[in-house]
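Chemist: In case you want the letters, here they are:
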Amino acid sequence: MNEINRCAKAYSLSLAVTCVFSGLLVFLKELNKGVFKFMASVTVHHWVTHGFFDVAVFFLLGFALSRIRGGQGPAVSDQATINILVGGVVAGLALIIVFYGFVD
Amino acid sequence: MSHVVLMLHALTGMLFILATVWVYVEVLNVSEANLKRIRAMSWAATVLMWITIFVGGYWYVVDFAKDRGIILKGPWPFAHTFFMETKEHIVFILLLLATLLPAVASSDLLASKSARKLTLWVCGLIVVIGIGMEGAGAIIAMGAKVGLLPASY
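Going line by line, the protein sequences match chains R and H.
Using the numbering used here, the first residue of the first sequence is number 1, and each one after it goes up by one.
Using the numbering used here, the first residue of the second sequence is number 1001, and each one after it goes up by one.
Treat the hints with care, as some may be off.
[Stated by the list, open to error] So the derived list for chain H, only partly shown, Cβ under 10 Å to chain R, looks like this:
(1) Ile1093
(2) Ala1103
(3) Ser1114
(4) Lys1117
(5) Trp1121
Honestly, the hints are just simulated from the structure, not real lab data.
Since the model is a prediction, treat every value here as computed from it, not as a measurement.
Here a beta-carbon is modelled for each residue, glycine too, at the ideal position from N, C-alpha and C.
Isolated chain R, as found in the complex (with noise of 0.2 Å):
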């Protein structure tokens, strides 16, 4: 039975995939200068880009989410969300704890 509802649902699942993608930006942006210059050109600090980008992404596909299958939004089960969101939430992490600790 689901109980969690749609948008605690839907933005906890956006969450998770931001969290990676934050993870995958900064292995992006610190390898790729090209990419670095361009997101310190956009705002005052590429810090300040980066979290613009991951506040986008986490509302935008939060929103798109929760409207989904007509509005009842994603058909996933609460253990699944629950689970979806530890493992983005840990995946987010490790990407950057790796990176900094292993590559750069």
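Dock chain H against the given chain R, drawing on the hints supplied.
Modeler: Okay, now just chain H, sitting in the frame of chain R:
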């Protein structure tokens, strides 16, 4: 002035963690009587996190360059190359979890075990990552301090 800004960042960050612990404990003991408090505190946590990132972000963009130079020339360069670099990016995950908290806390916590479980997971992740952020902040501050101390100290 920049030191006051930095201390405000640490203060609001700690208050944010405390507010989230508050929500966690209230959800463990959820009842009709504390539903309003859960929702109010989840919003308080969100607002505190946004204040924390705005204040810390201002300090990072405007003032951190001086500290970075001191840290990199000192005996603890890893305070910047690992701890500051990871902290400044992991904070976005924390910001999004904080932003999600009022949405999950608005579910039917009384009737739904899944909604309670999701809210507890979001709070738990916030607290663990938040304490890690506070620790990383302490290491960064110590990196600047040992960079200023004479080598004989």
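Chemist: Each of the hints needs a verdict: does it hold here or not?
Modeler: To see whether the hints hold, each was checked on the structure:
1. Satisfaction of the interface hint for Ile1093/H is found here, the shortest Cβ-Cβ separation to chain R being roughly 5 Å, below the 10 Å cut-off.
2. Of the supplied interface hints, the one on Ala1103/H holds, with its beta-carbon coming within about 5 Å of a beta-carbon of chain R, less than 10 Å.
3. With a cut of 10 Å, the hint placing Ser1114/H at the interface with chain R holds, because the nearest CB-to-CB distance is about 4 Å.
4. Taken as an interface hint, Lys1117/H checks out: its beta carbon lies about 6 Å from the nearest beta carbon of chain R, inside 10 Å.
5. For Trp1121/H, the shortest C-beta to C-beta distance to chain R is roughly 6 Å, which falls under 10 Å, so the interface hint holds.
Violated hints: none; the structure is consistent with every hint.
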